[in-house]
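Model the placement of chain G on the given structure of chain X, informed by the hints.
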Amino acid sequence: MKITDIRTFHANDGQRNNIFLEIHTDEEITGVGEAYSIGPDRSVISMVKEMKSWFIGQDPSRIEWLLERAKNTMRFPLGQVAWSAISGIDIALWDIAGKASGVPVYSLLGGKTRDRVRVYHGIYGDSPSAVGEHARELMSEGYSAFKTSPVPSNWREIPWRQVLREADERMSAIREAIGDGPDLAVDVHAAIRETALSLQLAQVITPYRLMFIEEPARAEFVESTAALRREFRVALATGENLYGLQRYTELLNADAVDIIQPDMLCCGGLLEAKKIAAVAEAHYVTVAPHNPLGLISTAAGVHHAASINNFTILEWHGDNKKKKTEFINESWVPVDGYFELPANPGIGMTLNHDAIAANPPAHWDRGFAEYSDGTPGFL
Amino acid sequence: MEPLDSSKSDSNDLTTSHRRKRIKLKITNIECLISTDASASNLVYVKTKTDAGIYGVGEVYHVGPDAASPVWVEYFAEQLIGQDPTEIERNWALCYQGARFPIGSSGLAALSAIDQSLWDITGKALDKPVYELMGGRVRDKIRAYWDIHGSTPTELAEDARKQVDKGFTALKASPLSPNWREMRWNDAVADSVARFKAVRKAVGNDIDVGFDAHAAIFEPIRVLELTDALMESNPWFMEEPIRMENRHEMGQLRDKMPCAVATGECLYTKFEMWELIREGGVDILQPEVCIVGGLTEMRKIAFIAQAHDLVVAPHNPMGPLATVANLHFDAATSNFLVQESRILKPAEIASVSKVINPVDGYYPIPNGPGLGIDIVEEEFTKHPYKGAWHRGDRVNPDNSIAYI
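Sequence order for the protein chains is X and G.
Reminder that position 219 of the first sequence reads as 219 in this note's numbering, one-by-one numbering, no gaps.
Reminder that position 74 of the second sequence reads as 74 in this note's numbering, one-by-one numbering, no gaps.
Extracted from the complex, chain X is given alone in its bound form (with noise of 0.2 Å):
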């Protein structure tokens, strides 16, 4: 089998926009894939344009040494535009060859280590009443696992005490709603510049028994992220929006982590994450793959859950009940919080091409976060 073409498609779904791909071959198989839609997605397209001659014609089955090839070629560390381009080629050739052999591609990444993969879901609301309320209803969906922003959305612009009561009542409401049983995790997002501060946030809400705490720092300040968890008694989450082996492999020599976050679009793909997996489980470290972007994603992180052995848990967003899933031909719904393994050759699932045309791109970005006073901070 030779691959003819690498097309990419770039669709606006309602909030952002999602990239897809399709590597074709001289054969009847397409392979799906999507890479991360980091802001600048025009930039992730143009990189597989570029990347496209050093595919075309090869073997789709040579994957490690295909993807090699590329990232050496480029000389230079490669950044979220090659990673995520990297990530989503990647995808498409594993499920070319699940294709190819007629099975899931969790069945060519060592076989399935479990029967399903559960998820956890986001809680959403600005008021401590609000995060109760979507919380319940989440509850009475089947779903047993939560992540929820610790912090209310104007947090930069009230006096920093009020930011630690407010997280307190937040934590009382979501806990009065859901039980003592149900997992939760909080998501600080690496917004808090200071360690410090991120500390007296820890403390303020571990009390109320969290599955993780995510992002308490930027995942690149290796030394931050060590130094939090060497307070922490509760777990550290992190690594979303590192890319690569060695970037992972940085973050756990360093004791700075407790569950690593791999987005399946810009880690590198399945084959990498199978990589950062491997030396996680000799940290005695978890994997709980970051997920916020279209339904290949969200497969792509079910195959992988699927094939690892210290995977926890994956995130999910209720992307059944969202536009996005118009942009694919399969249905796929959690049930009771977990997903059921495909059992369709490949990714299992095929780009709805009709309905990708009628919702073109748009610009996003993430907007800008400032303190008070003015000065840039992060979102």
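Heads up, some of the hints might be wrong.
As the list claims (entries may be wrong) - Capping the alpha-carbon separation at 30 Å, the derived lysine-lysine pairs in DSSO-like fashion look like this:
{"id": "1", "chain 1": "G", "residue 1": "K128", "chain 2": "G", "residue 2": "K354"}
{"id": "2", "chain 1": "X", "residue 1": "K2", "chain 2": "X", "residue 2": "K71"}
{"id": "3", "chain 1": "G", "residue 1": "K141", "chain 2": "X", "residue 2": "K71"}
{"id": "4", "chain 1": "G", "residue 1": "K141", "chain 2": "G", "residue 2": "K201"}
{"id": "5", "chain 1": "G", "residue 1": "K24", "chain 2": "G", "residue 2": "K128"}
{"id": "6", "chain 1": "G", "residue 1": "K49", "chain 2": "G", "residue 2": "K24"}
{"id": "7", "chain 1": "X", "residue 1": "K71", "chain 2": "X", "residue 2": "K52"}
{"id": "8", "chain 1": "G", "residue 1": "K49", "chain 2": "G", "residue 2": "K345"}
{"id": "9", "chain 1": "X", "residue 1": "K52", "chain 2": "G", "residue 2": "K128"}
{"id": "10", "chain 1": "G", "residue 1": "K26", "chain 2": "G", "residue 2": "K354"}
{"id": "11", "chain 1": "G", "residue 1": "K141", "chain 2": "X", "residue 2": "K52"}
{"id": "12", "chain 1": "G", "residue 1": "K345", "chain 2": "G", "residue 2": "K141"}
{"id": "13", "chain 1": "G", "residue 1": "K162", "chain 2": "G", "residue 2": "K141"}
{"id": "14", "chain 1": "G", "residue 1": "K354", "chain 2": "G", "residue 2": "K49"}
{"id": "15", "chain 1": "G", "residue 1": "K128", "chain 2": "X", "residue 2": "K2"}
{"id": "16", "chain 1": "G", "residue 1": "K128", "chain 2": "X", "residue 2": "K71"}
{"id": "17", "chain 1": "G", "residue 1": "K201", "chain 2": "G", "residue 2": "K162"}
{"id": "18", "chain 1": "G", "residue 1": "K141", "chain 2": "X", "residue 2": "K2"}
If you are wondering where the hints come from, they were derived from the structure by calculation, not from laboratory data.
Quantities reported herein were computed from a predicted structural model and do not represent experimental measurements.
Using the frame of chain X, we list chain G on its own:
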């Protein structure tokens, strides 16, 4: 019982692909085949059978007290019968995590062979060579090094020349004379220097020559003295410079070593390999596929090594089946360096359907499906197990026990 079902569809099957081929296999039995050859050495293989008729093969490291291996195979088989053999990672965890206490050499040897047999089955079920289940091949041929021997400098140099004439560009030898324990240390070092001057004179400076101290020297400082003295021969690496139990000391020694340190054949699983890497004790990892935990663990070790910019040169003193398992790993692993190879004994050659030998210093990429090799079972009936294999004892001149 449904073997390869290409027609059935599930309720959640949304494709109409004609290629749809659900694997539905169950392990029905795992046999351990064991025989003793003319030189009192043992061959230990496993054969994992499924309800579809597909079976897989694997090689158990013959650790010495080899009667323990069939017992371990039987113990693991009790847990694995009824499981899907293509769920390799899960089956590995089922055996390993079910043991509670860390598994030692004989148990891991059995698990390693079973793991190889599961990769073999999965490859056969999908009609793919095993390396295609590992992300595909990253190279066209697989470089091999050959072990050379000789009790005198002249003998060693002659063997080196002979192998280079056959096309090998990479060799390995003991740095020490066979009777070094009876010599005064400085004499032993001087003798080593003479051995490798002879080798260099015979093959020139362009051939890669690694040294294997085989964990026989107890004092780290002596290894350093020896290696310093050998540097004029340009060693490729010094293998097992000291014993493997103390990873911290290996790290301390490597800091001072003037050439690359190769080690790891005696370490178990990714956990011990990671400990070695963390201590900075290694440049070239040498996992043993028949004892480290099989191909599944070899892969994870290679990933951890890759994350630390380290390369892997699989250890392989076992038989032709182990060689083929290694070759699939070598074909698929970016950070593979070189494959150990040696002359196979008649009993080993007779024990399998075919052997793969290096040609012009390289092994070819192995064929599938699966591992692409089969066991000749009659050989095991013809040459039954006669007892444990003993390495023999090594003593120092004062009759204290030496390392071997």
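Hint consistency between K2 (chain X) and K71 (chain X) [alpha-carbon to alpha-carbon, up to 30 Å]: 20 Å, holds
Proposed proximity, K345 (chain G) with K49 (chain G) (alpha carbon, max 30 Å): Cα-Cα ~27 Å, so holds.
Agreement of K201 (chain G) and K162 (chain G) with the hint, judged by alpha carbon distance not exceeding 30 Å: 13 Å, holds
Given pair status - K24 (chain G), K49 (chain G), alpha carbons within 30 Å: With Cα atoms ~13 Å apart, K49 (chain G) and K24 (chain G) stay inside 30 Å; holds.
Distance restraint between K128 (chain G) and K354 (chain G), which requires alpha-carbon spacing of 30 Å or less: Distance ~18 Å between K128 (chain G) and K354 (chain G) Cα, so the pair holds.
Given pair status - K201 (chain G), K141 (chain G), alpha carbons within 30 Å: Since the Cα atoms of K141 (chain G) and K201 (chain G) sit roughly 29 Å apart, the hinted pair holds (cutoff 30 Å).
Hinted pair K162 (chain G) and K141 (chain G), Cα distance within 30 Å: 22 Å, holds
Hinted pair K52 (chain X) and K128 (chain G), Cα distance within 30 Å: Judged against 30 Å, a Cα distance of about 26 Å means the pair holds.
30 Å limit on alpha-carbon distance, applied to hinted pair K354 (chain G) and K49 (chain G): Answer holds: K354 (chain G) to K49 (chain G) is near 20 Å, not above 30 Å.
Satisfaction of hint between K2 (chain X) and K141 (chain G), Cα-Cα up to 30 Å: 21 Å, holds
Satisfaction of hint between K354 (chain G) and K26 (chain G), Cα-Cα up to 30 Å: The given pair, whose Cα atoms are some 27 Å apart, holds under the 30 Å limit.
Given hint K128 (chain G) paired with K24 (chain G) - CA-CA distance at most 30 Å: With a Cα-Cα distance of about 17 Å, the restraint between K24 (chain G) and K128 (chain G) holds, given a limit of 30 Å.
Checked against the numbered hints above, the structure violates none of them.
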